[in-house]
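Make the full structure from the sequences, and use the hints.
Residue numbers (my numbering), protein chains in the order written: chain V, 1 to 266; chain Y, 1001 to 1266.
Hints in this document: simulated from the structure, not taken from any laboratory.
Accuracy of the hints is not assured; some may be wrong.
As the list claims (entries may be wrong) - Pairwise CB distance ranges, derived in the manner of DEER restraints:
{"hint": "1", "chain 1": "V", "residue 1": "R65", "chain 2": "Y", "residue 2": "P1159", "range": "48 to 54 angstroms"}
{"hint": "2", "chain 1": "V", "residue 1": "G107", "chain 2": "Y", "residue 2": "R1166", "range": "41 to 47 angstroms"}
{"hint": "3", "chain 1": "V", "residue 1": "R166", "chain 2": "Y", "residue 2": "A1175", "range": "28 to 34 angstroms"}
{"hint": "4", "chain 1": "Y", "residue 1": "R1166", "chain 2": "V", "residue 2": "G176", "range": "32 to 38 angstroms"}
{"hint": "5", "chain 1": "Y", "residue 1": "R1138", "chain 2": "V", "residue 2": "E48", "range": "48 to 54 angstroms"}
{"hint": "6", "chain 1": "V", "residue 1": "D63", "chain 2": "Y", "residue 2": "L1055", "range": "27 to 33 angstroms"}
{"hint": "7", "chain 1": "Y", "residue 1": "D1162", "chain 2": "V", "residue 2": "A122", "range": "24 to 30 angstroms"}
{"hint": "8", "chain 1": "Y", "residue 1": "A1047", "chain 2": "V", "residue 2": "K191", "range": "34 to 40 angstroms"}
{"hint": "9", "chain 1": "V", "residue 1": "E157", "chain 2": "Y", "residue 2": "R1138", "range": "29 to 35 angstroms"}
{"hint": "10", "chain 1": "Y", "residue 1": "K1128", "chain 2": "V", "residue 2": "R166", "range": "40 to 46 angstroms"}
{"hint": "11", "chain 1": "Y", "residue 1": "Q1195", "chain 2": "V", "residue 2": "A105", "range": "47 to 53 angstroms"}
{"hint": "12", "chain 1": "Y", "residue 1": "D1162", "chain 2": "V", "residue 2": "G28", "range": "46 to 52 angstroms"}
{"hint": "13", "chain 1": "Y", "residue 1": "E1109", "chain 2": "V", "residue 2": "E48", "range": "52 to 58 angstroms"}
{"hint": "14", "chain 1": "V", "residue 1": "K191", "chain 2": "Y", "residue 2": "P1135", "range": "45 to 51 angstroms"}
Since we're looking at a predicted model, the values are computed, not measured.
Ideal Cβ positions, reconstructed from N, Cα and C, are used throughout, including at glycine.
Number of protein chains: 2
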Amino acid sequence: MNRSPIGIFDSGIGGLTVARAIFEQLPGESTIYFGDTARVPYGPKSAETVRRYSLEILRWLLDQRVKAVVIACNTSTAHALETLQAESPVPVIGVIEPGAAAAAAVGGERPIGVIGTAGTIASGAYAKAIRRTVPDARVEQRACPLFVPLVEEGWFEHPAADLIAREYLGPLAAAGVGALVLGCTHYPLLKPLLQRVMGPGVRLIDSGEETARVVASALRERSLQAPEGAPATHRFAVSDDEARFRQVGVRFIGDRLARAEVVPLA
Amino acid sequence: MNRSPIGIFDSGIGGLTVARAIFEQLPGESTIYFGDTARVPYGPKSAETVRRYSLEILRWLLDQRVKAVVIACNTSTAHALETLQAESPVPVIGVIEPGAAAAAAVGGERPIGVIGTAGTIASGAYAKAIRRTVPDARVEQRACPLFVPLVEEGWFEHPAADLIAREYLGPLAAAGVGALVLGCTHYPLLKPLLQRVMGPGVRLIDSGEETARVVASALRERSLQAPEGAPATHRFAVSDDEARFRQVGVRFIGDRLARAEVVPLA
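See below:
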């Protein structure tokens, strides 16, 4: 038993979908969320820069005495997961492996679709993770850079969102994918639209939900769970622009979003 | 006469439209462009952070012995122009005042439209600059966060771009604006679309072109022009991810874009 919080971090706001999945699946666990809003987005940054930023955040979270760290950011997971696992005395869980494993488990002969930011897709991280489970898996990838600003605008059902989704997903639907990994933490807010565009026969994999499941079992295995019925607290911290974080963040987790501390790391 | 280069900087890639206008209007002038691709975008960052980053870039440009500095970034101009002018021994020209002056000069009774990123619009910098010339000007503003990723995707004429432009510009067209300031350096690439949506009676103000005109007269006034017929050279530097800078930058200035040096500032 351990009442310490779980640390969750992202380059910005998107990781709140992962936090939400953790709130829902692990209601007794306290959390500290760090959004690196001063340096968002990580996607266009080099692997080395992303590793450096991620290590700074890891150290800050460890100073807050977290019992586990969730990298709720696809770019940081792709570039920094192994470095952080090597440096951290507490378990570090990334957002890619759980989503990839869930996609690989869908099985069948159909290819697996993966969508994400340009950086995540270019890294090939999901395809590699899927092929660690299913070596001959056919993976169809597509970068969808317009989805993040669509989500931040709140245009989940705008006709333009529909056209953009059809442009991006058309080739994946035509390839007959059986599962579609939402490889960016913003995308779960587009789920109804994406499901409609892909059709009911395609399983959407929400990396955040899959990651929350892995966090739950990691805590269980190490007997790190909070005591049953413990009151959970949720802290938020950002490296810049708290006002915008709250304004957009409310779309992600509603009124569970409290005022965030501003912790400038750079 | 002075053969030293003009320094031009932006948070990333968009300032290349300003560089392009300078290439075209001042073909004899050499330039050094700095894109802070490691820390793009500046829009969501605090004024203080943007000032700090802008000062770092100013110092680097001065180390390269530039004879003038163009802030080809709306956010940096809004937050850092005065600071940089106070610190710099060479003239510093921002991108807002020239666009605002051109819009104010359109005249007539119709309101002036201004579009830009969320940060630029929230700063009210264009409205303030327009009202310095025309104190009772009616200014209709609108943040258009999806335009930057549309430009970076190259979807200048995609049906989704059309729908998005109609959503953003509809209220400005309905308000009967006579001029529309493109208050973001990415937007000139959407000019044909924006002109079509606004109709032929609305004058689009390209802040980059207006800024190049102001640079030309600033050099002339101070006798800082390059000698006539001098061979101009164009250097490019970025703080991260040179490959992506070139890949997207080609849409902005074509094959004038040379390989960029990587200068990590942070």
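Hints and how they fare:
1. R65(V) - P1159(Y): 48 to 54 angstroms: The hinted range 48 to 54 angstroms holds for R65(V) and P1159(Y), with Cβ atoms some 52 angstroms apart.
2. G107(V) - R1166(Y): 41 to 47 angstroms: For G107(V) and R1166(Y) the Cβ distance comes to about 44 angstroms; the hint holds.
3. R166(V) - A1175(Y): 28 to 34 angstroms: Holds - the Cβ-Cβ distance for R166(V) and A1175(Y), about 32 angstroms, lies within 28 to 34 angstroms.
4. R1166(Y) - G176(V): 32 to 38 angstroms: 34 angstroms, holds
5. R1138(Y) - E48(V): 48 to 54 angstroms: About 49 angstroms separates the Cβ atoms of R1138(Y) and E48(V), which means 48 to 54 angstroms holds.
6. D63(V) - L1055(Y): 27 to 33 angstroms: 29 angstroms, holds
7. D1162(Y) - A122(V): 24 to 30 angstroms: This hint holds: roughly 28 angstroms between Cβ atoms.
8. A1047(Y) - K191(V): 34 to 40 angstroms: 36 angstroms, holds
9. E157(V) - R1138(Y): 29 to 35 angstroms: 33 angstroms, holds
10. K1128(Y) - R166(V): 40 to 46 angstroms: With a Cβ separation near 41 angstroms, K1128(Y) and R166(V) satisfy 40 to 46 angstroms, so the hint holds.
11. Q1195(Y) - A105(V): 47 to 53 angstroms: Holds, since Q1195(Y) and A105(V) (Cβ atoms, about 51 angstroms apart) stay within the stated range.
12. D1162(Y) - G28(V): 46 to 52 angstroms: Cβ of D1162(Y) to Cβ of G28(V): about 50 angstroms, so the range 46 to 52 angstroms holds.
13. E1109(Y) - E48(V): 52 to 58 angstroms: Because 56 angstroms falls inside the window, the suggested range holds.
14. K191(V) - P1135(Y): 45 to 51 angstroms: Given about 50 angstroms between the Cβ atoms, the range holds.
Checked against the numbered hints above, the structure breaks none of them.
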